[in-house]
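Q: Sequence order for the protein chains is B and E. All residue numbers for the first sequence refer to the working numbering, where the first residue is 1 and numbers rise by one. All residue numbers for the second sequence refer to the working numbering, where the first residue is 1 and numbers rise by one.
Each hint should be verified, as a subset may be incorrect.
[As the list claims (entries may be wrong)] One-sided and incomplete, this derived list gives chain E residues near chain B with beta-carbon spacing under 8 Å: (1) LEU68; (2) PRO159; (3) LEU162; (4) GLY172.
I should point out that these hints are in silico values taken from the structure, not numbers from a laboratory. From the three backbone atoms N, C-alpha and C, an ideal C-beta is built for every residue, glycine too.
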Amino acid sequence: MAAIALKRVSKVYPTGQTAVRDLTLEIVNGELLVLLGPSGSGKSTVLRLIAGLETPTSGQVLIDGRDVTLVPPPRRDLAMVFQSYALYPHKSVRENLAFGLRVRGVDAARVDARVRETATALDIEALLERRPAQLSGGQRQRVALGRAIVREPKAFLFDEPLSNLDPTLRAGTRTELALLHRRLATTMVYVTHDQEEAMTLGTRVAVMRAGAIEQVAPALEVFRRPANTFVARFIGSPAMNLWACTCARVGDGRHLVSPAFSIDLTGIDVAVPDGAGVYVGVRPHDIDIVPNGEGNGAGGVEIVEPLGPVTVVHLRVGGLGDDFVRVVVPADSRIEVGDRVTFRVRPDRLHVFDARTGQRVIDQHGR
Amino acid sequence: MRARGWALVTALLVVAILFPLYWAVIASFTPDSRLFASPSLVPRALVLDHYRALFGGRDFWTPVRNSLVVAGATTVLSVGLGGICAYALARLRFRGKAPVLAFVLAVSMFPQMSIVSPLYLLLRELRLLNTYPGLVLPYLTFAMPLTIWLLVGFFRQLPPELEEAGLMDGAGRLRTLWEIVLPLSWPGLATSAILTFLYSWNEFLFALSFTLGPERYTVPVAITLFRGQYQVPWGQILAAAVVATVPVAAIVLVAERRIVAGLTSGAVKG
Ligand SMILES: Nc1ncnc2c1ncn2[C@@H]1O[C@H](COP(=O)(O)OP(=O)(O)OP(=O)(O)O)[C@@H](O)[C@H]1O
Ligand SMILES: [Mg+2]
Numbered sequence: 001m002a003a004i005a006l007k008r009v010s011k012v013y014p015t016g017q018t019a020v021r022d023l024t025l026e027i028v029n030g031e032l033l034v035l036l037g038p039s040g041s042g043k044s045t046v047l048r049l050i051a052g053l054e055t056p057t058s059g060q061v062l063i064d065g066r067d068v069t070l071v072p073p074p075r076r077d078l079a080m081v082f083q084s085y086a087l088y089p090h091k092s093v094r095e096n097l098a099f100g101l102r103v104r105g106v107d108a109a110r111v112d113a114r115v116r117e118t119a120t121a122l123d124i125e126a127l128l129e130r131r132p133a134q135l136s137g138g139q140r141q142r143v144a145l146g147r148a149i150v151r152e153p154k155a156f157l158f159d160e161p162l163s164n165l166d167p168t169l170r171a172g173t174r175t176e177l178a179l180l181h182r183r184l185a186t187t188m189v190y191v192t193h194d195q196e197e198a199m200t201l202g203t204r205v206a207v208m209r210a211g212a213i214e215q216v217a218p219a220l221e222v223f224r225r226p227a228n229t230f231v232a233r234f235i236g237s238p239a240m241n242l243w244a245c246t247c248a249r250v251g252d253g254r255h256l257v258s259p260a261f262s263i264d265l266t267g268i269d270v271a272v273p274d275g276a277g278v279y280v281g282v283r284p285h286d287i288d289i290v291p292n293g294e295g296n297g298a299g300g301v302e303i304v305e306p307l308g309p310v311t312v313v314h315l316r317v318g319g320l321g322d323d324f325v326r327v328v329v330p331a332d333s334r335i336e337v338g339d340r341v342t343f344r345v346r347p348d349r350l351h352v353f354d355a356r357t358g359q360r361v362i363d364q365h366g367r
Numbered sequence: 001m002r003a004r005g006w007a008l009v010t011a012l013l014v015v016a017i018l019f020p021l022y023w024a025v026i027a028s029f030t031p032d033s034r035l036f037a038s039p040s041l042v043p044r045a046l047v048l049d050h051y052r053a054l055f056g057g058r059d060f061w062t063p064v065r066n067s068l069v070v071a072g073a074t075t076v077l078s079v080g081l082g083g084i085c086a087y088a089l090a091r092l093r094f095r096g097k098a099p100v101l102a103f104v105l106a107v108s109m110f111p112q113m114s115i116v117s118p119l120y121l122l123l124r125e126l127r128l129l130n131t132y133p134g135l136v137l138p139y140l141t142f143a144m145p146l147t148i149w150l151l152v153g154f155f156r157q158l159p160p161e162l163e164e165a166g167l168m169d170g171a172g173r174l175r176t177l178w179e180i181v182l183p184l185s186w187p188g189l190a191t192s193a194i195l196t197f198l199y200s201w202n203e204f205l206f207a208l209s210f211t212l213g214p215e216r217y218t219v220p221v222a223i224t225l226f227r228g229q230y231q232v233p234w235g236q237i238l239a240a241a242v243v244a245t246v247p248v249a250a251i252v253l254v255a256e257r258r259i260v261a262g263l264t265s266g267a268v269k270g
């Protein structure tokens, strides 16, 4: 049980690479915080800073309010699951699990009991006498997990623990991890670049870019109200449509105008002055294909991607350059490459960002 | 066809390497009278005369014991201390790591001949002439750099995550070294131990210079001093050479199996 905090932490590697810059983050006791970001954004570095495997160049790391910036990893009492699992190859599964307890001087009987309990919980009892080399990838993953939970640490750190599993196993293990978190109610920090994992697991999600956090919020909030264009583009699949527009008065109403279309803003509160440049974002789910004459714009169908439950249609729209307009349509719609269709943006689902700063300017649903 | 060609080449090589050894072994069992008579590949009479003379008349046990003590101590110290050094150089971050490594290498580059006299004077001042430490210390100056270089390379290729996992599990640096790094480093440790042992077992110049009497002679020195003013006891020299070679060859063969086993069962990647 632990609350973890990073206070204005920066990390510059000896190579001169700045991996984390001036990052402040509070992780509440018992929550599962997901660090999400593209490759190289510094997620692993943040995790390693919390673990003590790296020392910050500046700033502080606190666990339960205590400054542990210079405390070495063995005395932080955190457990980490590595992407490569890092099981001790020369030790049996039993010894792998027992090691952390043994070094802490737990007596043999108790070690044995804990190892057995953990193995039962993870369904790996049958593997206890094997070496890591004799296990499948999924089994290794469970052992790595077991090695972390057997010790009942203050908090868990996961660095992309599922990325080496096949998709079916990954989904199953993800669910188990969620259950595990509910059962143990221990603080967890979970690094991933898979947004689906982030959304399903995280109590909160911190989206990282280039060593800084762009937004920390509950998972759905990050999706519904991205704080800036980076988060907007990064979260959600297929990715959000983002267009450069200007806010203009047309007749008696205000419109968002781009070379490709125009959206009537009647009834929507946009806090940008007329003539200001903005980015308008619309998720592909929030665009409908409508009969001629009722839409905001039109385009030719260039790509049709059936995903199963729904189909993603890419429209080439004049004036948008190389950018497609992505629209999600029901799987049974009869749209084919080469068709010309009209689309309509649901005006209450707009995300508007300042063109200069990239920051969000209006609240969705009038909030 | 190709495979057969290689087999032939290999066979020739093996014969070329083994023949002198075979010849020495045979000769060491041949009585002096026949030694120069009619050399033949298949011996006609085998006698233990030379060995009897070696251990009965000459007390060859003493040099063997001396060599074992000196080579053994050098090996243990070199691998022990060198291993710790190498681990620090391979894993810890500190200033001036590259210069230290270069310096270590430079030390081993001195021609032995050039430092015999200064070392002699030094050892005399320290009253270490004709003692075991008087040989072990100079040997270490040559053996340690080799060990360190070998092991730095070896430690570097172990995945650092294993040690990080150890740290996260609550083990300190030393415990991690002992329980995780060392068991995985068997092949590297064995290799450097063998090389060190061979080096100190065969070393001649220092042993000759820093020992003063038969009670401290090592095997190579003792063998050299077999030759008298008027005659060279070839039979005994060869017998001594066999005694000096066979146990070492046996150790290396056994250890090598271990090395190969260590390398193949590695599966270091999780
Ligand atoms: N030991 C190191 N020495 C020097 N630079 C490093 C080191 N580790 C990471 N970096 C650099 O720091 C930056 C952040 O790396 P980090 O591993 O934290 O990213 P990440 O978000 O975990 O990426 P990924 O999703 O690919 O694992 C990268 O530019 C990387 O090249
Ligand atoms: Mg990473």
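Q: Does E:PRO159 hold up as a contact with chain B if the rule is Cβ-Cβ below 8 Å?
A: Holds, about 7 Å.
Q: Holds or violated: E:LEU162 as interface residue toward chain B, Cβ cutoff 8 Å?
A: This interface hint holds because 5 Å falls under the 8 Å limit.
Q: Min Cβ distance, E:LEU68 to chain B: is it shorter than 8 Å?
A: Interface hint status for E:LEU68: violated (30 Å vs cutoff 8 Å).
Q: Classify the hint on E:GLY172 as holds or violated, based on whether any CB of chain B lies nearer than 8 Å to its CB.
A: With a closest approach of 6 Å, the E:GLY172 hint holds.
When held up to the earlier numbered hints, the structure conflicts with hint 1 and nothing else.
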